[in-house]
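Trainee: Here the protein sequences line up with chains A and B, keeping their order. The working numbering numbers the first residue of the first sequence as 1 and each following residue consecutively. The working numbering numbers the first residue of the second sequence as 1 and each following residue consecutively.
Simulated from the structure, these hints should not be mistaken for laboratory data. Using N, Cα and C, we set each Cβ at its ideal position, and we do this for glycine too. Be a bit skeptical, because a hint or two may be false.
To be verified - Straight-line alpha carbon distances no greater than 25 Å define the calculated BS3-like cross-link-like pairs of lysine-lysine that follow:
(1) B:K262 x B:K229
(2) B:K242 x A:K42
(3) B:K229 x B:K242
(4) A:K241 x A:K210
(5) A:K308 x A:K42
(6) B:K237 x B:K262
(7) B:K242 x A:K50
(8) B:K242 x B:K262
(9) B:K237 x A:K308
(10) B:K114 x A:K42
(11) B:K242 x A:K308
(12) A:K50 x B:K124
To be verified - Here are some of the chain B residues that sit facing chain A, going by a computed Cβ distance under 10 Å:
(13) S158
(14) R245
(15) A279
Claimed, not checked - The following label-pair restraints were derived from C-beta to C-beta distances:
(16) B:G253 x A:R193: 51 to 61 Å
(17) B:E208 x A:D13: 37 to 47 Å
(18) B:L123 x A:E33: 18 to 28 Å
(19) B:S64 x A:R25: 32 to 42 Å
(20) A:A230 x B:K124: 28 to 38 Å
(21) A:R286 x B:G253: 46 to 56 Å
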Amino acid sequence: MFSAIYFESAVRDHPRTRAILRRYRDLPQIECERYSEIFNRKSQNFRLQKENPALILARKHGRKVLPAPGGYGFDAAGSHYFSHMLNCIYDCRYCFLQGMYRSAHCVLFVNYEDFADAIERTLSGSALPKEDAHPRYSQHTYSQDTHVPTRTDEASRGAEQVFYSGYDCDSLAFEPASGFAEFFVPWFAARPRAVLELRTKSTQIGGLLKHGPIPNCIIAMSFTTAAAAARWEHGVPAIDKRLAALRRLQEAGWSVALRFEPLMPDTNPDACRELFELVFSRLDSRWLHSVSIGLFRMPADYFRNTLKLYPDEALFARETRTRNGVTSLRHPNEEAWLRQIETALFRHIDPKNYYRCADGETDREN
Amino acid sequence: MNATSEHPSLPASGGSEGTVNLAVAHRLEAERLIQWFGLSEIMPREEFPCFEDGEGLSLVVTGSGAERAAAGVRYLHGRRLGSAWLNIGIAGHGSAAVGTGLLIHRIARRETGKRFWPPAPGLKLPGGSLITVSEAETEYAEDAAYDMEAAGFFAAASRLVTPDLINVYKIISDNPAHPLAGFRRGQVPSLFGARESEIRSLVAHLRERGARFAHWRSLPAEYRQLLEKYHFSVTRKAALGKLCRRFTALGMGPRLTVLVSKRYHSAGALMAALEGELAGALPVGGKDSNEPAF
Ligand code: SF4
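In isolation and in its complexed conformation, chain A is listed as follows (with noise of 0.2 Å):
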């Protein structure tokens, strides 16, 4: 999986460098002084170190809980991301990470300590300001959504505060090494008031399920149809083994949520309706934390870095959009072809269960 692991001089002897450490023990150990020597250096080139991404455990300063951007599912006012990790063992085509980082290598904080110093003190009422929020984006949504209230809201207005959890990463794929979930979640359970949602496509349940599930904490995974997984996610768990996995934490008792997205502009409604029943037939619709569908977005320079990236990639040769910032492909009719996959999600799922991740305008084309 990885060609080799950097260590930050400071972590060297943390605990869970130290673990790291040994079950790697074949690969190249490499000490450095920061992560930012290896990490994100100018004209490092993302595309051919995904071949060989290597792992670099590090200490993360500076602040460690941010703003979750508005509109982002929850009550905005309460709600925070924090990352323990930089970017993914997986390699979505579509991934925005491609486009923000210049560097593949993943990046482990190990300190969760400090982390959840950070989200106590966020809870215990120093909270953000409100204007620090900034636009985030998740691994498959641009964030400013239209937002319809879900059982989620009432959740966090009895909660003091959200946490989400996979923003640049995917929460729990390196759950085996990084025993993140393992630490995050009996952290959670003793404070019943602050929520954890973790975003992923890994079927790396094995500590949830030890554990066993706690009310406040969301699994909320991600699919796209059967024919754009196959093209655009390589090295992802398949939708029947994610399916499985979630069946296996709904049967448990835990809280799961589902995101449809990111949807390509030529995804056809009867590919989503097969999606759709095969989803619905495993999982059980009634205890569905919430459902959304978002459609590929991706910010503009972020987009442009792709491209430069991977020029002999149809994905990001379609025609697209750019709107505010935001870059999207193309679709003639957006608004009446979202429309009839909503109906057709609707025969599944209360809509009050339901948001939309969309951005239905057009205002510069390329």
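Keeping the supplied structure of chain A fixed, place chain B with the ligand upon it in accordance with the hints.
Mentor: Structure of chain B with the ligand alone, referenced to chain A:
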């Protein structure tokens, strides 16, 4: 991003096809490489002796020291475009046995403290750190390799290509138990000889990686044909390259060929026709093409 796209020898139809440039400090370090890879000297001989195999592998003998190594890199770049670079040479070491081959993961220049991080290619070759010094090292104070060129080489090469295509490989010639004073230059070819398979695999790896990189960025032949047929400003030339790439990426190469064979009254009219053709285009023959569009 890197200078390859501006190189005078870069063909209009794309980039170098997996070309690798090797840099060694001394003629004796070049000897086995010349033999293994069938390299011949590039004539006329100028400031730095250079060799090539005619198939994209070139070598420069830079002379000793970081500055000479950097100058040699720049010189070879001027004569032969490399999509990847590899520095090979002998080095001292604080603990490794004589004859050990090390793929270098970290280079520190003692004089300046500047550090460089060549990529780890996942070839399962033994790796290590290296310190580039300005005088031959006799103390071997650290558990690292010591050379006199790598930092200069890496700094210069990373101005020409992405650092993800630059490696450094060192063979240990001396250590505290076998100090430099006892080392004879004539041992160099046999030290290299013992590391032939590692060096070959590293060169092959860089060739493949460089070829892929060049391929991703290559332009279809139609691009060159259009440049010959019409006059384009610099900006339009870049836009034309992007349009041609979109045709190939979308599997519409045959359609591009048809358009190239037509006659337009100006470059602008041609560009408009290409853009019109791409409007609303979806990939041809992709896996989701069995899903009817819209
Ligand atoms: S799983 Fe998510 S974070 Fe990982 S590559 Fe795919 S889109 Fe990106």
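Trainee: If you check the beta carbons of R286 of chain A and G253 of chain B, does the distance land in 46 to 56 Å?
Mentor: 51 Å, holds
Trainee: Decide if the proposed pair is consistent with the structure: K242 of chain B and K42 of chain A, CA atoms, cutoff 25 Å inclusive.
Mentor: 23 Å, holds
Trainee: What's the verdict on K237 of chain B and K262 of chain B, does the C-alpha distance respect the 25 Å limit or exceed it?
Mentor: 19 Å, holds
Trainee: Please work out if K237 of chain B and K308 of chain A have their alpha carbons no farther apart than 25 Å.
Mentor: OK: K237 of chain B and K308 of chain A at ~16 Å, within 25 Å.
Trainee: CA of K262 of chain B to CA of K229 of chain B, is that 25 Å or under?
Mentor: 11 Å, holds
Trainee: Given the hinted pair K50 of chain A and K124 of chain B, is their alpha-carbon gap at most 25 Å?
Mentor: Measuring from Cα to Cα gives roughly 17 Å; hence the hint holds.
Trainee: Measuring from the C-beta of A279 of chain B to each C-beta in chain A, is the shortest one below 10 Å?
Mentor: Holds, because the Cβ-Cβ distance from A279 of chain B to chain A comes to roughly 6 Å (cut-off 10 Å).
Trainee: CA of K242 of chain B to CA of K262 of chain B, is that 25 Å or under?
Mentor: 20 Å, holds
Trainee: Would you check the hint for K242 of chain B and K50 of chain A, treating anything up to 25 Å between C-alpha atoms as holding?
Mentor: Since the Cα atoms of K242 of chain B and K50 of chain A sit roughly 24 Å apart, the hinted pair holds (cutoff 25 Å).
Trainee: Assess, step by step, whether the Cα of K114 of chain B is no farther than 25 Å from the Cα of K42 of chain A, and give holds or violated.
Mentor: Holds: K114 of chain B and K42 of chain A sit about 15 Å apart, inside 25 Å.
Trainee: Between the alpha carbons of K242 of chain B and K308 of chain A, is the straight-line distance 25 Å or under?
Mentor: 10 Å, holds
Trainee: For the hint 51 to 61 Å, verify it against the beta carbon of G253 of chain B and that of R193 of chain A.
Mentor: Holds - the Cβ-Cβ distance for G253 of chain B and R193 of chain A, about 59 Å, lies within 51 to 61 Å.
In terms of the numbered hints stated before, the structure departs from none.
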